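Undergrad: Residue numbers (the numbering used here), protein chains in the order written: chain A, 1 to 149; chain B, 1 to 375.
Just so you know, these hints were derived from the structure itself, not from any lab. If you're wondering where the values come from, they're calculated on a predicted model, not measured in any experiment. For glycine and all other residues, C-beta sits at the position ideal for the given N, C-alpha and C. You may find that some hints are simply not true.
Reference listing, derived: stretches of chain B covered by chain A, where coverage requires no fewer than 3 residues with Cβ under 8 Å from a Cβ of chain A [stated by the list, open to error]:
id, stretch
1, 307–317
2, 320–329
Selected chain B positions facing chain A (Cβ under 8 Å, derived; list incomplete) [claimed, not checked]:
id, residue
3, R262
4, P263
5, V265
6, K275
7, G338
What follows is the residue order along each chain.
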Amino acid sequence: MYGRDDVIVANFEATAAETFAGETVVIHFERGTYFSFRGSAVLIWSLLQTPTSIAAVVKAAGDALAIGAESFEEQLTEFVAQLSEQGLIKASDAMPAVPKLTVEALNALSEPATLEVFGDLAELIAMDPVHEIDALTGWPHLPQTEHEA
Amino acid sequence: MRSTHSPAGRISPRPNTRLSGWPMDSDLTGARVDARTPSSDISARHPPVSPSQKATRPVTAAFGAITVRIDTWGEVLSSVALDPLRHAIVDPSTPVDLSLLMLDGKETGIEAEALTSVFADRARGADIAGRSLTLTVNDELQTRCLVDAARQRVAVWFADAATAPEWLIYDQIRNALHLASHDRNFGLFHAAALRYAGTGCLITGKSGSGKSTLTAAAVTHGFEMAGDDFVLIETLRRPRVHAVFDTIKLDERGLAKFPRYRPFVRNPGRGAEHKAIVHAFDAAPDQIATGFSLDAILHARLSGDEQSRIVASTASAAYLALAPSTTFLLRTRGREVGTKCMLLAGCLPAYAFEIGTDLDAAVAALAAFMRELRP
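Please put together the full structure from these sequences, using the hints given.
TA: Structure (structure tokens):
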């Protein structure tokens, strides 16, 4: 769960995303889940490609949103919580970017953020017994990162 | 670690055989297993095939842009791994992009250490000609896979291929092709591919969406197939699909519906939870297409209605049906796989194929659609 001023960014290492007309599809490799983003979720996901914060996005939107700044922040906070729960974003040490939003972007942000979650392939990941061994200590030791985890 | 096994009547390498100079065209230190010696210990799970059905090993197989040399050490592996590829076998003198060596530990007496020790030497700093090796260990299914990505060579060891599920053996070939597809304009995709009336269609959809059964039905109605589960596609302006495996998978209801396949079932001793495997090369040799251009992508789902229908859809829907399962099943380089799926979904017209309960009617709907779509 991230607060208003926490700097967050898309979890690039674990995800791949493609945007089509009006929809972004995101795949989470590690969890075996995938997602359909619609409405303002498409734009919010694009804003999260660089480190930013809820406060920075709300500041960029200013008072220009049809739904009002307070409602927007509430909606954005809820959406960020969803992204966090699904492992789609992570904390960043970078300075938060205040995005520049066009009129079209401001209009888009006034729409509801829709995140559809698909978990039907998660079992493919859960059943995967394959793992690589540690490069230094050799078989049958697991990689260092797994030791640490 | 299990004890060394030495089938009677064959030359057996020493226990803990080292792969000297691996991977040097599959030449193991010690001795080679004589593939001509009749096998006496193959389990009922993978019954031996007749000599006329058998591919001679090693083989060179071409899948469009990629050519692979596959050497199998063990009768069971030769049958299970190479028989689905007979449509793709080319002149052995053809230059290859990748070499795949598959070893059956039980039949050959070669233990897992043969691969793991090569990797351990590298881990200890031994100079193995500067190669970057990756070892993948599967404890549950008892396999080891050693990959030399720079030289495009792969060696896979199975503890006992006779008891290994077919998909595990197919997976090794699929993984090798996936390795070879890195940074190239082709890739593997989780889909079936059919051609009819000069039109090629990719049928996507998660497992259980009806791809395999539809493919089996379509073949009985004169369609050509390039695969019912995984296919290789060159991501050209007009994408071109190539058959990798010629398998058709059917459950008991499918076998009852299409009895022409029953004499060709290759896994009669399968459990009730496993599908029957039939090779198109045996059951419908004229209908296994080595490659054709694609004109549309259909994302399939079982509708539950009697009738089927095919309606225009979107690229994002096609991507959603294609990319996640392809990405997760291939397991590595997900971003690259996702990008290739996006390219494919973006360059082909997309349709939703709602498959009804009347399978013949579903195939008729597909035939009418493909005739209409003829380029």
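Undergrad: All the hints need checking, so say for each whether the structure fits it.
TA: Results for each hint:
1. Coverage of the stretch 307–317 of chain B by chain A holds. Counting CB-CB distances below 8 Å, 3 residues qualify, and the rule asks for three or more.
2. With a threshold of 8 Å between beta carbons, the proposed coverage of the stretch 320–329 of chain B by chain A holds, since 7 of its residues qualify and at least three are required.
3. Violation of the interface hint for R262/B is found here, the shortest Cβ-Cβ separation to chain A being roughly 30 Å, above the 8 Å cut-off.
4. Hint status for P263/B: violated, given a least beta-carbon distance of 33 Å to chain A, over 8 Å.
5. Residue-level restraint check for V265/B is violated (minimum Cβ-Cβ distance to chain A is 26 Å; threshold 8 Å).
6. Hint on K275/B is violated. Least Cβ distance to chain A is approximately 17 Å, over the 8 Å limit.
7. Among the interface hints, the one on G338/B holds; its C-beta lies about 4 Å from the nearest C-beta in chain A, closer than the 8 Å criterion.
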